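Residue numbers (the working numbering), protein chains in the order written: chain U, 1 to 277; chain C, 1 to 387; chain Z, 1 to 272.
No lab work stands behind these hints, which were simulated from the structure alone.
Do not take every clue at face value.
[Unchecked claim] Here's a subset of chain C near chain U, in silico, CB distances under 10 Å, partners left out:
id : residue
1  : Ala11
2  : Arg17
3  : Arg22
4  : Leu88
5  : Glu90
6  : Thr91
7  : Leu94
8  : Asp95
9  : Thr96
10 : Gly324
11 : Asp336
[Said to hold, decoys possible] What the simulated footprint calls covered on chain U by chain C, stretch by stretch (three residues with Cβ under 8 Å from a Cβ of chain C suffice, anywhere in the stretch; the number is not a length):
id : segment
12 : 28 to 40
13 : 51 to 65
14 : 70 to 78
15 : 83 to 92
16 : 219 to 232
17 : 245 to 256
[To be verified] Derived SDA-like pairs (lysine to any residue); straight-line CA-CA distance at most 25 Å:
id : chain 1 : residue 1 : chain 2 : residue 2
18 : U       : Lys153    : Z       : Arg67
19 : C       : Lys330    : U       : Arg272
20 : C       : Lys330    : U       : Glu11
21 : C       : Lys330    : U       : Lys23
22 : C       : Lys110    : C       : Arg180
23 : U       : Lys23     : Z       : Gly157
24 : U       : Lys153    : Z       : Gly157
25 : U       : Lys173    : C       : Glu102
26 : C       : Lys330    : U       : Gln12
27 : U       : Lys173    : Z       : Pro156
28 : U       : Lys23     : C       : Phe185
29 : U       : Lys23     : C       : Glu166
30 : U       : Lys153    : Z       : Lys25
31 : U       : Lys153    : Z       : Asp84
32 : U       : Lys173    : Z       : Arg67
33 : U       : Lys192    : C       : Tyr215
34 : U       : Lys192    : U       : Asp255
35 : U       : Lys23     : C       : Ala143
36 : U       : Lys14     : Z       : Gln146
37 : C       : Lys330    : U       : Phe130
38 : U       : Lys173    : Z       : Asn111
39 : C       : Lys110    : U       : Phe130
40 : U       : Lys153    : C       : Arg180
No experiment lies behind these values; they were computed from the predicted model shown.
Heads up, the beta-carbon is just placed ideally off N, CA and C, and yes, glycines get one too.
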Amino acid sequence: MNGYNFAYLDEQTKRMIRRGLLKAVAIPGYQVPFGGREMPMPYGWGTGGMQLTASILGEDDVLKVIDQGADDTTNAVSIRAFFERVAGVETTTATAEADVIQTRHRIPETPLSADQILVFQVPIPEPLRFIEPSEEETRVMHALEEYGVMHVKLYEDIARHGHIATTYAYPVKVDGRYVTDPSPIPKFDNPKLHMSEALMLFGAGREKRLYAIPPHTRVESLDFEDHPFEIQAWDEPCALCGARDSFLDEVITDDVGGRMFVCSDTDYCQRRQEEVA
Amino acid sequence: MYVAVKGGEQAIANAHRWLADRRRGDRERDALSVAQLAEQMNLAVDRVMAEASLYDPELAALALKQASGDLVEAVFLLRAYRTTLPRLAETVALDTGAMRLERRVSATYKDVPGGQVLGPTYDYTHRLLDFLQLADGEVPEPARAEQALEACPPILEQLDAEGLIERETDDGAEPYDITRDPPDFPVDRATRLQMLARGDEGYLLALGYSTQRGYGRNHPFAGEIRIGTLEVEIAVEECEAPVCIGEIALSECQMINQFAGSRDRAPQFTRGYGLAFGRNERKTMAMALVDRALRAEELGEPVQGPAQQPEFVLAHADSVEASGFVSHLKLPHYVDFQSELELLRRLRSAHGQPDGAEDSRETVDDGGKKKEPAVEQDTNESEQVSP
Amino acid sequence: MKRPQLERPALLEARGVTRLYGPGKGCEDIDFRLHEGEVLGIVGESGSGKSTLLRTLCGMETPDAGRVVYHSDVERCLDGATDDGELDLYAIGEARRRALLRMEWGLVHQNPRDGLRLGVSAGANIGERLMALGDRHYGQLRAAGQDWMGRVELDPGRIDDAPRHFSGGMQQRLQIARTLVTRPRLVFMDEPTGGLDVSVQARLLDMLRTLVRELGLSVVLVTHDLAVARLLADRLMVMCRGRVVEAGLTDQILDDPQHAYTQLLVSSVLTP
Chain U
1 MNGYNFAYLD
11 EQTKRMIRRG
21 LLKAVAIPGY
31 QVPFGGREMP
41 MPYGWGTGGM
51 QLTASILGED
61 DVLKVIDQGA
71 DDTTNAVSIR
81 AFFERVAGVE
91 TTTATAEADV
101 IQTRHRIPET
111 PLSADQILVF
121 QVPIPEPLRF
131 IEPSEEETRV
141 MHALEEYGVM
151 HVKLYEDIAR
161 HGHIATTYAY
171 PVKVDGRYVT
181 DPSPIPKFDN
191 PKLHMSEALM
201 LFGAGREKRL
211 YAIPPHTRVE
221 SLDFEDHPFE
231 IQAWDEPCAL
241 CGARDSFLDE
251 VITDDVGGRM
261 FVCSDTDYCQ
271 RRQEEVA
Chain C
1 MYVAVKGGEQ
11 AIANAHRWLA
21 DRRRGDRERD
31 ALSVAQLAEQ
41 MNLAVDRVMA
51 EASLYDPELA
61 ALALKQASGD
71 LVEAVFLLRA
81 YRTTLPRLAE
91 TVALDTGAMR
101 LERRVSATYK
111 DVPGGQVLGP
121 TYDYTHRLLD
131 FLQLADGEVP
141 EPARAEQALE
151 ACPPILEQLD
161 AEGLIERETD
171 DGAEPYDITR
181 DPPDFPVDRA
191 TRLQMLARGD
201 EGYLLALGYS
211 TQRGYGRNHP
221 FAGEIRIGTL
231 EVEIAVEECE
241 APVCIGEIAL
251 SECQMINQFA
261 GSRDRAPQFT
271 RGYGLAFGRN
281 ERKTMAMALV
291 DRALRAEELG
301 EPVQGPAQQP
311 EFVLAHADSV
321 EASGFVSHLK
331 LPHYVDFQSE
341 LELLRRLRSA
351 HGQPDGAEDS
361 RETVDDGGKK
371 KEPAVEQDTN
381 ESEQVSP
Chain Z
1 MKRPQLERPA
11 LLEARGVTRL
21 YGPGKGCEDI
31 DFRLHEGEVL
41 GIVGESGSGK
51 STLLRTLCGM
61 ETPDAGRVVY
71 HSDVERCLDG
81 ATDDGELDLY
91 AIGEARRRAL
101 LRMEWGLVHQ
111 NPRDGLRLGV
121 SAGANIGERL
131 MALGDRHYGQ
141 LRAAGQDWMG
151 RVELDPGRID
161 DAPRHFSGGM
171 QQRLQIARTL
181 VTRPRLVFMD
191 EPTGGLDVSV
201 QARLLDMLRT
211 LVRELGLSVV
221 LVTHDLAVAR
231 LLADRLMVMC
241 RGRVVEAGLT
251 DQILDDPQHA
261 YTQLLVSSVL
271 TP
């Protein structure tokens, strides 16, 4: 596009972000402050993910953008259109064909490979934020590994509900060191973070933080010995493709309580339907 | 049959067309020109420039037009443009003492060298709707003084000379640039002032107001408010003297606040400072109050009000960040919501209530919490001393 | 060759500790040794500097001069400790200082609201320090919570209630349970019975005395209340205008005060 650099950001900024990413990969789960720029989209709509994508995107890369697992939700469409416009890169909806996948709130069901990078959009990167509002204090807590308070929250859940009641943005410990927010993915996706083949990058634009989970890194979801971490399960399979191993969205079909459950990962669902046909 | 949320692309394109139509309004009427806005909506333009931190009245007016007058949206537009601009040079620090004044008032002295100048202020207008403007009445020329205003030294210099007010000195340190680097709390005063200068006026006004009502009171006097224009200069290698690259309008407010002192230092008045692009008097006053409130810890005052908590104040001051994050709630959250729904159903069934069961009591399920005992008094039996 | 120690080993030492806000405001040139299993009371009127001293001792306020030395367990080989376990509190850095407060020490605030998480249940409050030390078994944490509620004479059936629903006296008991659950080697108490009704105070003191004895706690206790000091402390330090004016065994000081200020303090308690 005229007047703008490849992938919108100027090369200086991209370099600054890539330096941040290198640091993030070197210290898995550690939040690296970076000089986040304003993007021509509102904060909270994926500006962190977009800055990371813009910084790592090459001309030959194939990009996939999903929001809630779907390629065709409005914000995914908007971000994909943005990169088509400012970078002219090829885009795809097929998980296996993408080099870079920018995502909001999901990890694709199709297992990722070593030559893929998953970029997460992160609203609040600080897993301790809702326990301790001060950034000054949370930084110290991370530095000293003062994480007891994270378990206070989980203890309280069990005492009140009999279960750990955190269902998304479920905190993890990365490489046995940093407690990290996996972004608001459902806890269903947490196991996919562990020993992943693909590099996972996380960008929070408004909060100006980025972090990474490098390939083959231990990622544990916090829990108790006698209340181990579990993922969601559904009683029925996907109504469209019959999958029993994917995260299902509830779709209301009429106004008298009719509903069905379908894969939130639209690409996965479609591929399975094609295989059956 | 369920169809995925398809057609997002077309929907977005159509939304943009409708928006453009709504912005233009009735085609029978003249379209507003950017120049008209820059001239006649000048205070809105000034506010957009200040909060976007880009001094360009024409582009600010364009942003205002494009945003249909939505100031927060206009600030965002201009800010997103600003971030793509290269930084070609840095200006020489501005000396507001050299300002060509159009307004200058002090609430602390009856008369001051250089005098008080009201300038074009709304202060003493009676807020009566002027129906003449509805009928496009003519506006007379302003009265002009015989001679130009002399240069006026800042009023606080008087106090400074007597040692009655804390002296502000330039420690020569390179200021932190909040547009290039992430804020690293706790931040120093220079950084704080940068963040306040681009902070949302309504937000700062409310916080400043809260300090006056007792949430972190600091006894302010409006020492000096000055509004006027000032030349901006840059240093060029080939030239000895700095080169003027233009003139900008600025508003500045210096608040004088109650004194601080310690064993080693005699008591002195303290300062709160506000500065903004354009004619932004209210903003600079609010900024000066908040700046002073944020110095509570440094001056050894108890931190009691929200306006005294730097992280709270600064992390939420930026309207672009705030409106972005609030508006993101409109984005789909199907997955998170589904996760909560699944858990809630499970908890409710564990609670012995089948999903969908009639439950006429209003929001009785506060998350399955068992009992909420009443607050017990110190005098109940569990604490009573046995005789 | 190791000789048998004649004196009980010291746990905490202040050497010339000074922290002043202004002339006579704060504490000045304080020296003492706290032995293991001993309760040291610091008494004086408000403004005498005893609270400043306590904050300095427990790592919350850096002294202007002097050293605070903690004798850690040699076996534990704490970071920053010398071979014989000595730790200079303000030479080890904030990280280690906070770790020490978390792992080895306990602090009981005058206002239980400063030491509790009011929004989370009593059980979670008691469990927090255990979880910080790595306890990851919900059932065991809960059992410990119930056990400790019993010890501080709270109804274990209220383990899931949030302390904001407790009375002041109950909150203070909970704070004590929360602090003692990890069996800290050293406990600091700042007016632990201040702000409570006299009747509530008496019961709490009684309970504290029992716990201190049972657990063999080492305590630095700050109080303006000589009755509290008499009941709990083995030794007393009397502070006036930032300085220690008299120190010795509790009974000795209260029954036979030597310094004029102490005499005044003692007599003012006796005369109604």
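Taking the hints in turn, this is what the structure says about them:
no.	hint	verdict
1	Ala11	holds, 7 Å
2	Arg17	violated, 15 Å
3	Arg22	violated, 19 Å
4	Leu88	violated, 13 Å
5	Glu90	violated, 16 Å
6	Thr91	violated, 21 Å
7	Leu94	violated, 24 Å
8	Asp95	violated, 29 Å
9	Thr96	violated, 28 Å
10	Gly324	holds, 3 Å
11	Asp336	holds, 4 Å
12	28 to 40	holds (count 8)
13	51 to 65	violated (count 0)
14	70 to 78	holds (count 8)
15	83 to 92	violated (count 0)
16	219 to 232	violated (count 1)
17	245 to 256	holds (count 6)
18	Lys153/U <-> Arg67/Z	violated, 38 Å
19	Lys330/C <-> Arg272/U	violated, 31 Å
20	Lys330/C <-> Glu11/U	violated, 32 Å
21	Lys330/C <-> Lys23/U	violated, 33 Å
22	Lys110/C <-> Arg180/C	violated, 44 Å
23	Lys23/U <-> Gly157/Z	violated, 50 Å
24	Lys153/U <-> Gly157/Z	holds, 20 Å
25	Lys173/U <-> Glu102/C	violated, 60 Å
26	Lys330/C <-> Gln12/U	violated, 33 Å
27	Lys173/U <-> Pro156/Z	violated, 33 Å
28	Lys23/U <-> Phe185/C	holds, 20 Å
29	Lys23/U <-> Glu166/C	violated, 43 Å
30	Lys153/U <-> Lys25/Z	violated, 41 Å
31	Lys153/U <-> Asp84/Z	violated, 39 Å
32	Lys173/U <-> Arg67/Z	violated, 38 Å
33	Lys192/U <-> Tyr215/C	violated, 48 Å
34	Lys192/U <-> Asp255/U	violated, 36 Å
35	Lys23/U <-> Ala143/C	violated, 63 Å
36	Lys14/U <-> Gln146/Z	violated, 55 Å
37	Lys330/C <-> Phe130/U	holds, 22 Å
38	Lys173/U <-> Asn111/Z	violated, 34 Å
39	Lys110/C <-> Phe130/U	violated, 51 Å
40	Lys153/U <-> Arg180/C	violated, 36 Å
The structure is inconsistent with the numbered hints 2, 3, 4, 5, 6, 7, 8, 9, 13, 15, 16, 18, 19, 20, 21, 22, 23, 25, 26, 27, 29, 30, 31, 32, 33, 34, 35, 36, 38, 39, 40, although it conforms to all the rest.
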